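Chains W and H, in that order, give the protein sequences. By the count of my numbering, the first sequence reaches residue 476 at its end, each step adding exactly one. By the count of my numbering, the second sequence reaches residue 116 at its end, each step adding exactly one.
Accuracy of the hints is not assured; some may be wrong.
Unchecked claim - Label pairs and their calculated CB-CB ranges: (1) W:A251 with H:E23: 41 to 49 Å; (2) W:Q54 with H:P95: 50 to 58 Å; (3) W:H410 with H:P95: 49 to 57 Å; (4) W:Y188 with H:S99: 19 to 27 Å; (5) H:S99 with W:T387: 20 to 28 Å; (6) W:E51 with H:H90: 20 to 28 Å; (7) W:P150 with H:E23: 49 to 57 Å; (8) H:E23 with W:G283: 47 to 55 Å; (9) H:P95 with W:E180: 52 to 60 Å; (10) W:E396 with H:R15: 39 to 47 Å; (11) W:D432 with H:E23: 49 to 57 Å; (12) H:E23 with W:G50: 48 to 56 Å; (13) H:R15 with W:K273: 37 to 45 Å; (14) H:W108 with W:A88: 54 to 62 Å.
Bear in mind the hints are in silico, worked out from the structure with no lab data behind them. The structure displayed is predicted, hence computed values, not measured ones. Quick reminder that beta carbons are idealized off the backbone N, C-alpha and C, glycines included.
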Amino acid sequence: MNGYRLGEFHAFEGGSRKYLYLVPSGAIFELTDLAADILDRLRSGERSQEELLAGLGPDAAEALDDLHQARAVSNGNGFPEPAEKTPLPFPLSTVVLNVTNQCNLSCKYCYEFGEDRVANPEGKAKFMPEETAREAVDYLLAHSPGRRAVHLTFFGGETLMNFPVVRSTIAYAREKAHAAGKYVDFSLTTNATLLTPEVIEYLAENQVGVTISIDGPRELNDQLRVFRNGRGSYDVIAPRIKELLARHRSRPIGARVTLTSQVVDVLKIYRHLQQDLGFHEVGFAPVTTSPVRLYSIGGGGLDIVLRQFQVLAQEYLEYALRGEHHGFSNVTDTLAELHAGISKAHPCGASLGLVGVGPSGDIAPCHRFVDSDAHKLGHISTGVDPGKQAEFLERGHISRKLECHTCWARPVCSGGCYHESYVRYGDTGHANLHYCEWIRGWTDTCLRIYGEIAARNPKFLDHFDERRAAA
Amino acid sequence: MRHLRAVNRKAVRVEEWIAAESGDVFALQQGGQPQAPRPHYPAGCSLVFSPGWEVDSAGGTAGLCQPVERDLYDCYLTCFWPAQVPDHLNNYPDWTSKCASAAKDWRNIDLVFP
Numbered sequence: 006m007n008g009y010r011l012g013e014f015h016a017f018e019g020g021s022r023k024y025l026y027l028v029p030s031g032a033i034f035e036l037t038d039l040a041a042d043i044l045d046r047l048r049s050g051e052r053s054q055e056e057l058l059a060g061l062g063p064d065a066a067e068a069l070d071d072l073h074q075a076r077a078v079s080n081g082n083g084f085p086e087p088a089e090k091t092p093l094p095f096p097l098s099t100v101v102l103n104v105t106n107q108c109n110l111s112c113k114y115c116y117e118f119g120e121d122r123v124a125n126p127e128g129k130a131k132f133m134p135e136e137t138a139r140e141a142v143d144y145l146l147a148h149s150p151g152r153r154a155v156h157l158t159f160f161g162g163e164t165l166m167n168f169p170v171v172r173s174t175i176a177y178a179r180e181k182a183h184a185a186g187k188y189v190d191f192s193l194t195t196n197a198t199l200l201t202p203e204v205i206e207y208l209a210e211n212q213v214g215v216t217i218s219i220d221g222p223r224e225l226n227d228q229l230r231v232f233r234n235g236r237g238s239y240d241v242i243a244p245r246i247k248e249l250l251a252r253h254r255s256r257p258i259g260a261r262v263t264l265t266s267q268v269v270d271v272l273k274i275y276r277h278l279q280q281d282l283g284f285h286e287v288g289f290a291p292v293t294t295s296p297v298r299l300y301s302i303g304g305g306g307l308d309i310v311l312r313q314f315q316v317l318a319q320e321y322l323e324y325a326l327r328g329e330h331h332g333f334s335n336v337t338d339t340l341a342e343l344h345a346g347i348s349k350a351h352p353c354g355a356s357l358g359l360v361g362v363g364p365s366g367d368i369a370p371c372h373r374f375v376d377s378d379a380h381k382l383g384h385i386s387t388g389v390d391p392g393k394q395a396e397f398l399e400r401g402h403i404s405r406k407l408e409c410h411t412c413w414a415r416p417v418c419s420g421g422c423y424h425e426s427y428v429r430y431g432d433t434g435h436a437n438l439h440y441c442e443w444i445r446g447w448t449d450t451c452l453r454i455y456g457e458i459a460a461r462n463p464k465f466l467d468h469f470d471e472r473r474a475a476a
Numbered sequence: 003m004r005h006l007r008a009v010n011r012k013a014v015r016v017e018e019w020i021a022a023e024s025g026d027v028f029a030l031q032q033g034g035q036p037q038a039p040r041p042h043y044p045a046g047c048s049l050v051f052s053p054g055w056e057v058d059s060a061g062g063t064a065g066l067c068q069p070v071e072r073d074l075y076d077c078y079l080t081c082f083w084p085a086q087v088p089d090h091l092n093n094y095p096d097w098t099s100k101c102a103s104a105a106k107d108w109r110n111i112d113l114v115f116p
């Protein structure tokens with residue numbers, strides 16, 4: 006019989022308890038001391054059962070059996086089971102409507118207009134006509150069999166530059182969804198420059214979820230989020246955001262911060278957006294760019310970001326142990342995935358449950374690829390080309406990303422954002438190798454928090470079940 | 003599993019899977035996973051001594067001491083075993099058609115000659 010050796014997992018501690026994060030299942034188990042001792046003995050290499058259990062007492066065989074059944078240890082020459090192929094056609098849950106590709110800001114890092122853009126909007130519609138938006142709604146309702154709730158997200162360009170179409174589409178979608186026996190909810194992303202009292206009133210009344218792109222206090226936001234003449238946007242948006250937050254209470258309003266080499270002061274940004282402006286949730290993401298741009302965050306910058314994320318995450322933990330809400334949404338999102346034990350074959354739902362539709366009606370894998378001819382999956386009048394969709398998904402499937410096959414963080418990462426991969430490596434199916442350390446560092450941080458919450462205030466984790474049920 | 007405690011949702015599913023793969027099956031099993039509604043008698047004569055079920059499917063004693071003819075049905079309907087009774091699935095689906103009530107009509111059940 007073969008000896009025993011370690012299976013694939015990431016061990017971590019939280020609240021002075023020992024845990025395993027199993028790969029690729031994404032299951033989290035707490036270990037008894039005995040089980041942990043067995044794993045410790047295997048760290049130096051393969052051992053026979055007799056060597057392994059010697060002196061560990063009468064329960065050791067049972068503990069080894071438990072570990073073996075959960076695949077934390079193995080004793081065979083078994084091959085890893087291949088990840089399942091994606092079942093197609095896949096029911097849609099979300100359509101992102103890029104209602105315009107025009108914008109009244111000229112943020113220097115913009116992936117739609119900046120130096121690394123993938124879109125080629127020349128000669129195409131600049132504003133989505135009402136008719137196209139309606140076709141997209143019909144498409145969503147027709148291609149979401151089995152789903153009771155579907156989502157419509159409005160995006161840009163600057164979304165509110167085409168507010169009339171947003172408004173008429175919401176009315177149309179409500180009516181059609183009702184007739185189809187489905188529930189549809191709405192959200193949009195905006196730079197906040199066009200949030201007039203009428204728009205705010207409309208969004209609040211219609212329970213439209215709002216995400217505001219803002220990079221922090223004036224001196225940080227205005228580094229790159231500028232008007233065409235170079236003037237910063239902070240002074241225009243801050244009063245409008247305050248008005249929105251005061252009036253719109255029907256959905257949580259989130260801030261979405263883009264981190265760049267100039268803008269990495271996560272703590273300062275979080276405090277300002279959460280305390281001074283009053284955002285319910287604040288989420289951060291590093292800019293998507295080729296590494297040669299001045300605003301690109303290098304490895305050193307990512308380390309700074311991770312350390313600050315960890316400080317904020319610690320604060321999140323303290324809140325969670327008291328049963329209180331903390332607005333650092335990067336933690337909330339990661340904990341939700343860890344709690345469910347999600348194990349992804351694809352990094353995101355692009356081209357599966359989600360597609361982006363551009364102003365011209367072209368269908369893209371997601372909003373980031375809208376108006377890019379190279380990534381077009383079809384047109385809203387004729388639907389997604391199954392061949393193109395299958396090719397896109399196959400290219401991005403975890404089984405193709407060999408570098409990921411030895412990484413314990415692949416259940417949550419699965420190689421990372423397709424758009425990021427394309428901008429960096431020219432291939433949507435390439436693993437985002439420049440983020441590996443960051444992803445593992447951040448996942449480990451969140452696992453420790455998860456473990457501590459599970460040990461000291463497990464009721465808090467029920468929120469994530471409710472969150473999932475609501476989604 | 004006494005040495006691993008499932009913490010997240012996926013771990014609970016893994017635990018259920020392990021229990022289903024490796025757990026023992028007990029006659030009149032109760033508890034554990036929600037079970038599909040059972041037939042009136044537990045299926046499978048090899049698991050319990052038959053006849054003379056200790057309790058009926060409701061866990062009571064009202065159904066004890068079934069008539070001996072019940073044996074035929076244990077093998078014929080719930081647990082076909084070719085050595086003992088005709089095969090009701092393919093070749094002799096009508097073997098008991100003249101036996102409306104086993105206690106009364108059991109004499110109508112005849113031998114078969116394949």
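**Request:** Using the beta carbons of E51 (chain W) and H90 (chain H), state whether their distance is inside 20 to 28 Å or not.
**Result:** This hint is violated: roughly 53 Å between Cβ atoms.
**Message:** Verify the CB-CB distance for W108 (chain H) and A88 (chain W) against the hinted window 54 to 62 Å.
**Reply:** Because 58 Å falls inside the window, the suggested range holds.
**Prompt:** Is 49 to 57 Å a correct range for the gap between the Cβ atoms of P150 (chain W) and E23 (chain H)?
**Reply:** violated, 32 Å
**Consistency of beta-carbon spacing, G283 (chain W) to E23 (chain H), with hint 47 to 55 Å** = holds, 52 Å
**Request:** Go ahead and decide if the range 41 to 49 Å is satisfied by the Cβ distance of A251 (chain W) to E23 (chain H).
**Result:** At roughly 56 Å between Cβ atoms, E23 (chain H) and A251 (chain W) fall outside 41 to 49 Å, so the hint is violated.
**Consistency of beta-carbon spacing, T387 (chain W) to S99 (chain H), with hint 20 to 28 Å** = violated, 59 Å
**Asked** Has the hinted range 48 to 56 Å been met by the Cβ atoms of E23 (chain H) and G50 (chain W)?
**Response** At roughly 28 Å between Cβ atoms, G50 (chain W) and E23 (chain H) fall outside 48 to 56 Å, so the hint is violated.
**Request:** Confirm or reject the claim that R15 (chain H) and K273 (chain W) have a C-beta distance inside 37 to 45 Å.
**Result:** holds, 42 Å
**Request:** Could you tell me whether the CB distance from Q54 (chain W) to P95 (chain H) stays inside 50 to 58 Å?
**Result:** holds, 52 Å
**Message:** Can you tell me whether the CB distance of P95 (chain H) to E180 (chain W) sits inside 52 to 60 Å?
**Reply:** The hint (52 to 60 Å, Cβ to Cβ) holds, given that P95 (chain H) and E180 (chain W) are roughly 55 Å apart.
**Asked** Has the hinted range 19 to 27 Å been met by the Cβ atoms of Y188 (chain W) and S99 (chain H)?
**Response** Violated, since Y188 (chain W) and S99 (chain H) (Cβ atoms, about 53 Å apart) do not stay within the stated range.
**Request:** Evaluate the given range 49 to 57 Å for the C-beta pair formed by D432 (chain W) and E23 (chain H).
**Result:** With Cβ atoms ~39 Å apart, the hint is violated.
Of the hints listed earlier, those the structure fails to meet are numbers 1, 4, 5, 6, 7, 10, 11 and 12, in rising order.
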